[in-house]
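**Student:** Here are the chains, one letter per residue:
2 protein chains.
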Amino acid sequence: MNLALLFDEDFVGPDRVILRGRRLTHLQSVIKVATGDTVPVGRADGNMGMGEVLRLTDTEAELRVTLDQMPPTPLPLTLILAMPRPKMFRRILQTCATQGVKDIWLINSYKVEKSFWQTPWLSEDHVRENLILGLEQAKDTGIPRVQARKLFKPFVEDELPALLEGKQALVAHPGTSIPCPVHLNRPTALCIGPEGGFTPYEVEKLEEAGCRGVHLGPRILRMETAVPVLVSRLFDACLSG
Amino acid sequence: MNLALLFDEDFVGPDRVILRGRRLTHLQSVIKVATGDTVPVGRADGNMGMGEVLRLTDTEAELRVTLDQMPPTPLPLTLILAMPRPKMFRRILQTCATQGVKDIWLINSYKVEKSFWQTPWLSEDHVRENLILGLEQAKDTGIPRVQARKLFKPFVEDELPALLEGKQALVAHPGTSIPCPVHLNRPTALCIGPEGGFTPYEVEKLEEAGCRGVHLGPRILRMETAVPVLVSRLFDACLSG
Chain W
1 MNLALLFDED
11 FVGPDRVILR
21 GRRLTHLQSV
31 IKVATGDTVP
41 VGRADGNMGM
51 GEVLRLTDTE
61 AELRVTLDQM
71 PPTPLPLTLI
81 LAMPRPKMFR
91 RILQTCATQG
101 VKDIWLINSY
111 KVEKSFWQTP
121 WLSEDHVREN
131 LILGLEQAKD
141 TGIPRVQARK
151 LFKPFVEDEL
161 PALLEGKQAL
171 VAHPGTSIPC
181 PVHLNRPTAL
191 CIGPEGGFTP
201 YEVEKLEEAG
211 CRGVHLGPRI
221 LRMETAVPVL
231 VSRLFDACLS
241 G
Chain E
1 MNLALLFDED
11 FVGPDRVILR
21 GRRLTHLQSV
31 IKVATGDTVP
41 VGRADGNMGM
51 GEVLRLTDTE
61 AELRVTLDQM
71 PPTPLPLTLI
81 LAMPRPKMFR
91 RILQTCATQG
101 VKDIWLINSY
111 KVEKSFWQTP
121 WLSEDHVREN
131 LILGLEQAKD
141 TGIPRVQARK
151 LFKPFVEDEL
161 PALLEGKQAL
171 VAHPGTSIPC
181 PVHLNRPTAL
191 CIGPEGGFTP
201 YEVEKLEEAG
211 CRGVHLGPRI
221 LRMETAVPVL
231 VSRLFDACLS
241 G
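First to last, the protein sequences are chains W and E. If you read the first sequence in the UniProt record's numbering, its first letter stands for residue 1, the second for the next number, and so on. If you read the second sequence in the UniProt record's numbering, its first letter stands for residue 1, the second for the next number, and so on.
Since the hints were made in silico from the structure, they are not lab data. There could be a bad hint or two in this list.
You can't tell identical chains apart in this list, so a pair holds if it fits in one copy or across any two.
Result set (BS3-like, lysine-lysine): computed pairs, CA atoms no more than 27 angstroms apart in a straight line [unchecked claim]:
1) LYS102 to LYS32
2) LYS205 to LYS114
3) LYS167 to LYS32
4) LYS111 to LYS32
5) LYS167 to LYS87
6) LYS167 to LYS114
7) LYS32 to LYS114
8) LYS167 to LYS102
9) LYS150 to LYS111
10) LYS32 to LYS87
11) LYS150 to LYS205
All figures in this text were calculated on a predicted structure; none of them were measured in a lab.
Turn these sequences into a full structure, and let the hints steer you where they fit.
**Tutor:** Written as structure tokens, this is what we have:
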């Protein structure tokens with residue numbers, strides 16, 4: 001937690017917040033704050049700044065906050081991921097949030113096992129919790145939007161074309177001859193397949209919708225590695241770093 | 001396991017290997033091979049190719065192998081990492097191996113907790129096991145070399161200058177004004193600090209040894225994200241992909 005993210009319910013006055021639970025524990029056990037210290041804070045979907053610890057007890061910390069800094073620029077990226085294996089899912093959500101991805105779509109694919117969709121980590125609360133952990137790591141405030149589509153064909157035929165409008169659209173696919181472009185720095189939609197990749201039918205449907213297949217070289221990356229590698233390749237340091 | 005890595009002790013003839021244990025289980029349970037099928041194989045530190053399943057029992061698989069393909073080009077990178085937290089360590093080793101890093105140094109730093117060095121995952125066997133998992137994911141055969149240095153100052157003063165010779169030398173450090181360069185594609189040494197970063201004294205010592213401080217933008221990445229992001233930024237698709 002490099003920044004404590006603040007929510008409407010934390011505010012007890014225009015510049016006063018009370019923290020309890022996880023954030024309080026972190027302030028006490030990891031940062032080891034004392035009254036009078038200042039810590040980095042940010043308001044969800046708002047500005048960042050500093051919070052001065054006014055009062056500290058075992059159960060709560062009261063902070064006076066000054067929120068005068070803009071958060072980092074969001075990435076102009078729509079990330080469309082085949083639903084990851086549960087043990088990778090939380091980490092991928094956190095990494096996306098840390099890297100500044102704000103628009104995430106989880107989609108089905110032939111090689112996504114049905115059980116992946118049953119994970120409790122897909123509940124709204126758990127998704128939000130992991131996005132917040134990613135933002136607090138990065139020092140960012142803008143909560144990403146995550147949407148799930150459990151049927152591939154209706155998504156690709158009915159929703160995807162509109163999503164791709166005005167964007168460079170790519171599908172990461174080891175079979176293709178075009179290497180992934182670098183540092184586009186412009187609105188992009190990127191589809192990443194499951195372990196084992198999209199099927200040829202799925203790649204064809206994604207291409208019909210307007211995506212261009214690109215590869216990442218001879219090495220096969222796990223999805224949790226492919227996401228940071230692709231994001232880092234598509235956007236330059238001042239945006240994605 | 002996108003490739004079964006083969007070792008001298010697996011060979012029972014010039015083109016015959018017998019697999020047992022983890023690799024056999026994977027062939028049977030995940031790939032579900034039958035006699036006559038071919039699977040991707042590679043010889044540790046040697047060529048890659050295909051293996052034809054000649055015989056399959058509950059306890060072993062005999063393969064006839066043809067090893068006629070070169071593995072992907074190794075990255076010209078010396079990666080110097082502050083010893084990671086144990087729960088991240090295995091994953092970072094695997095990711096490094098998957099991305100083609102062949103020269104890894106684990107070093108101490110003020111913010112590396114002493115307990116990090118006590119992890120059983122640092123044993124030679126466990127390190128090797130995780131490197132192999134990373135290579136089998138990537139489809140690569142060259143086993144990375146991993147070295148540990150538990151004292152910062154002797155390493156930086158006595159060993160580092162020689163390690164940096166002929167290389168672009170960088171230390172990833174959020175405080176600096178120079179953004180990390182992209183696509184150098186030439187021999188590089190890269191130092192990455194622990195959670196919380198190198199101390200100012202440590203950065204100074206690394207700079208004295210010849211490293212230039214570079215940053216990755218306003219976002220603070222976990223080490224397990226910083227490694228793929230930096231590698232992807234420093235080397236182009238055909239090498240690092």
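**Student:** For each hint, tell me whether it holds in the structure or not.
**Tutor:** Going down the list of hints, with the structure as the test:
In this assembly of identical chains, LYS102 and LYS32 lie within 27 angstroms of each other by CA distance neither inside one copy nor across copies; the values are 32 angstroms within and 39 angstroms between. When the C-alpha separation of LYS205 and LYS114 is checked against a cutoff of 27 angstroms, the pair qualifies only within one copy, where the shortest distance is 21 angstroms, while the shortest distance between copies is 52 angstroms. Taking the closest pair of Cα atoms, LYS167 and LYS32 never come within 27 angstroms of each other, the shortest separation being 45 angstroms inside a single copy and 40 angstroms across copies. In this homomeric assembly, LYS111 and LYS32 come within 27 angstroms of each other (Cα to Cα) only across copies, at 15 angstroms, whereas the closest approach inside a single copy is 46 angstroms.
Taking the closest pair of Cα atoms, LYS167 and LYS87 never come within 27 angstroms of each other, the shortest separation being 31 angstroms inside a single copy and 38 angstroms across copies. Proximity of LYS167 and LYS114 under a CA criterion of 27 angstroms is satisfied in neither setting, with 31 angstroms inside one chain copy and 48 angstroms between copies. Taking the shortest Cα distances, LYS32 and LYS114 sit within 27 angstroms of each other only across copies (19 angstroms), while inside one copy they are farther apart (44 angstroms). Taking the shortest Cα distances, LYS167 and LYS102 sit within 27 angstroms of each other inside one copy (15 angstroms), while across copies they are farther apart (37 angstroms).
Taking the shortest alpha-carbon separations for LYS150 and LYS111, only the intra-copy value of 13 angstroms comes in at or below 27 angstroms, while the best inter-copy value is 44 angstroms. For the homomeric pair LYS32 and LYS87, the shortest alpha-carbon distance between copies (23 angstroms) is at most 27 angstroms, but the shortest distance inside one copy (31 angstroms) is not. Taking the closest pair of Cα atoms, LYS150 and LYS205 come within 27 angstroms of each other only inside a single copy of the chain (16 angstroms); across copies the shortest separation is 53 angstroms, beyond that limit.
Figure legend: structure checked against the earlier numbered hints; hints not met, in rising order: 1, 3, 5 and 6.
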